[in-house]
Amino acid sequence: MTEPLLSVRDLHVNFGTSEGDVQAVRGVSFDIGKGETLAIVGESGSGKSVTASAIMRLNFGADVRVSGSALLEGQDILAMSEEDVRLKRGRDIAMIFQDPLTALNPFYTVGHQIAEAYAIHHPGTSKKELRDLALDSLTKVGIPEPLKRVNQYPHEFSGGMRQRIVIAMALINRPKLLIADEPTTALDVTVQAQILELISAMQEEHGSAVLLITHDLGVVAEVTKRVLVMYAGRLVEVASVEDVFHSPTHPYTRGLLNSVKSLDSERHSHLEPIPGTPPSLIDLPSGCPFHSRCQYAASLNGQCSSEVPELKAVGNSLSACHMPTAELSSLLRSMQ
Amino acid sequence: MNDEIILQAQDLIKHFPTGASRLLQRPTQVVQAVDGVSFSLRRGTTLAIVGESGCGKSTLARLLARLIEPTSGSVILNGTNITSASPKQMLRMRRDIQVVFQDPYACLNPRHSIGQSIGTPIRIQKTMNRSDERHRVFELMELVGLSHEHYNRFPHEFSGGQRQRAGIARALALQPKVIVADEPVSALDVSIQAQILNLLEKLQTELELSYVFIAHDLSVVRHIADEVAVMYLGKIVEIGSPKAVYGAPAHPYTQALMSAVPVPNPQAAANRKRIILVGDVPSPIDPPSGCRFRTRCPRAQDLCALEEPALIDRGHGHPVACHFPD
Numbered sequence: 001m002t003e004p005l006l007s008v009r010d011l012h013v014n015f016g017t018s019e020g021d022v023q024a025v026r027g028v029s030f031d032i033g034k035g036e037t038l039a040i041v042g043e044s045g046s047g048k049s050v051t052a053s054a055i056m057r058l059n060f061g062a063d064v065r066v067s068g069s070a071l072l073e074g075q076d077i078l079a080m081s082e083e084d085v086r087l088k089r090g091r092d093i094a095m096i097f098q099d100p101l102t103a104l105n106p107f108y109t110v111g112h113q114i115a116e117a118y119a120i121h122h123p124g125t126s127k128k129e130l131r132d133l134a135l136d137s138l139t140k141v142g143i144p145e146p147l148k149r150v151n152q153y154p155h156e157f158s159g160g161m162r163q164r165i166v167i168a169m170a171l172i173n174r175p176k177l178l179i180a181d182e183p184t185t186a187l188d189v190t191v192q193a194q195i196l197e198l199i200s201a202m203q204e205e206h207g208s209a210v211l212l213i214t215h216d217l218g219v220v221a222e223v224t225k226r227v228l229v230m231y232a233g234r235l236v237e238v239a240s241v242e243d244v245f246h247s248p249t250h251p252y253t254r255g256l257l258n259s260v261k262s263l264d265s266e267r268h269s270h271l272e273p274i275p276g277t278p279p280s281l282i283d284l285p286s287g288c289p290f291h292s293r294c295q296y297a298a299s300l301n302g303q304c305s306s307e308v309p310e311l312k313a314v315g316n317s318l319s320a321c322h323m324p325t326a327e328l329s330s331l332l333r334s335m336q
Numbered sequence: 001m002n003d004e005i006i007l008q009a010q011d012l013i014k015h016f017p018t019g020a021s022r023l024l025q026r027p028t029q030v031v032q033a034v035d036g037v038s039f040s041l042r043r044g045t046t047l048a049i050v051g052e053s054g055c056g057k058s059t060l061a062r063l064l065a066r067l068i069e070p071t072s073g074s075v076i077l078n079g080t081n082i083t084s085a086s087p088k089q090m091l092r093m094r095r096d097i098q099v100v101f102q103d104p105y106a107c108l109n110p111r112h113s114i115g116q117s118i119g120t121p122i123r124i125q126k127t128m129n130r131s132d133e134r135h136r137v138f139e140l141m142e143l144v145g146l147s148h149e150h151y152n153r154f155p156h157e158f159s160g161g162q163r164q165r166a167g168i169a170r171a172l173a174l175q176p177k178v179i180v181a182d183e184p185v186s187a188l189d190v191s192i193q194a195q196i197l198n199l200l201e202k203l204q205t206e207l208e209l210s211y212v213f214i215a216h217d218l219s220v221v222r223h224i225a226d227e228v229a230v231m232y233l234g235k236i237v238e239i240g241s242p243k244a245v246y247g248a249p250a251h252p253y254t255q256a257l258m259s260a261v262p263v264p265n266p267q268a269a270a271n272r273k274r275i276i277l278v279g280d281v282p283s284p285i286d287p288p289s290g291c292r293f294r295t296r297c298p299r300a301q302d303l304c305a306l307e308e309p310a311l312i313d314r315g316h317g318h319p320v321a322c323h324f325p326d
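These protein sequences, in sequence, are chains A and B. In terms of our numbering, the first sequence opens at residue 1 and continues consecutively. In terms of our numbering, the second sequence opens at residue 1 and continues consecutively.
DSSO-like, lysine-lysine: derived pairs with alpha carbons at most 27 angstroms apart:
| no. | chain 1 | residue 1 | chain 2 | residue 2 |
| --- | --- | --- | --- | --- |
| 1 | B | K273 | A | K225 |
| 2 | B | K273 | A | K140 |
| 3 | B | K88 | B | K126 |
Don't read these hints as lab results, they were simulated from the structure.
Here chain A stands alone, though its shape is the one from the complex:
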């Protein structure tokens, strides 16, 4: 790969709470190339959303500690002054959120809000130009009757339409990177299909890179090429989408796939869930965060509960597991 667009290194995010430190993200590193789509999957509390908001520098507050670096075309976002970040945010990196209603201001028309996103980075644009831009972007994201719709308020739109408006807003400055944090989770499947289609069409047109945060493995299979799997604040597997689904290398990824009920699965076929629940991020287990739920941990003489596994190459993937590479791959082959 040539020079990556975004390069995240050793990202840590801690939240101080009255009960102790919540270690939400613990040493995450990855790259995104120009125009690439990358997905981060994980369950609630895995740190995927916190990773995304750290790149946007949206974690703030007295008790939040962020360390590591996030280089956007060589410039470290995490080390910038607040003013410099503001210049990047919305222009070079834009974000769309899960709930489009809370992302929109109920007191302003959608036309005003879309135009504002542009005007902030392009001071001196005339009102007429801004209105034309807003109309144009509403048309592009497929809102019917834009002339009428541009003067309406968020509550007058359906959930899918609101998400289209948020996408219009995020893309109006042609950002280099679009972070989509569970963009379709609040939507019905038929609307989800519309929105995913829109995101990829827009991506093609603008050449933006997309970082997609999701818990839905089906969505991942549909839209991305490369996948990061997170568990308890760490990356446990980095692989191409084919490898993740056909030859997962980490026991957690495997468990996750086994839990997913494919549309092709038979009635009453027994699902193989992962036993137990994810660990508390305040009181993390020693060693591998997955060891207490992992069926292979017992066979490794306590290494799993004492040593944190680093990402290592297994086939074409990276996997954070202590199991020897050869054993891992043969084991996983046998499961298929």
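Fit chain B to the supplied structure of chain A, relying on the hints for placement.
Here is chain B on its own, set in the frame of chain A:
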């Protein structure tokens, strides 16, 4: 398989008045949330009701358990019409039909310990004395995979999956025959969803339960259902075995719905043809004339606006409400 019908819905209609005019003391509009739904549930089986937000599936769930009164139509539970039962009779019949809700945090009293919450139906129905109740609650907790030491803990100390287990234990407290589960796993992470689905299956076999399973997630439904009903704007548009509805959907809405579900398999995802529906679901206040799906239907013709298609078998082996099924 058993052919005995345990629960039956007959032409259930629920219209919510809205936009009430204060002056006339009369509602000016009605939301036609559920509009003529009929089905039968066989003992020991699972009927899944799927549909997107606003299709009326949760209203239907509440009607079945008589948590709300229907505008018209009836629910027959084990041969008795529960919609016309007196409050006293209804209290007795509630032992046979219980509900599991979507959000296990919202349906557990935060000030009651888990043990207290699970025992609540027993105390309301006065079926046991206190020590028997305690014994029964322990039994129920074991059944759903909670340990005895959880008895005195409070809902906030539990994870989502454990809370849903408690919600299920409470629904089982009176040994019901039918459980109406309204999106029981949609608030949970996938790895936990699988645990709860396995639990529901295990309980069904052990206790001979019959389920009405309301869901929007088609893959979950495929896994658990013996029969699937697809709802759109307050009506069932297609009903049949999962094999028929998933394998050979005949209604254009079912087809679009199936094709919209993301498949966790990159090759299948790339090869498959997607039907993307245009626009949004119309308002249930003013549904389209004739077929309610016609405004978004790729096959709509003049007839569809004039005449409402009946839910009948049109040569597909299962009932479909479409004039031009595929």
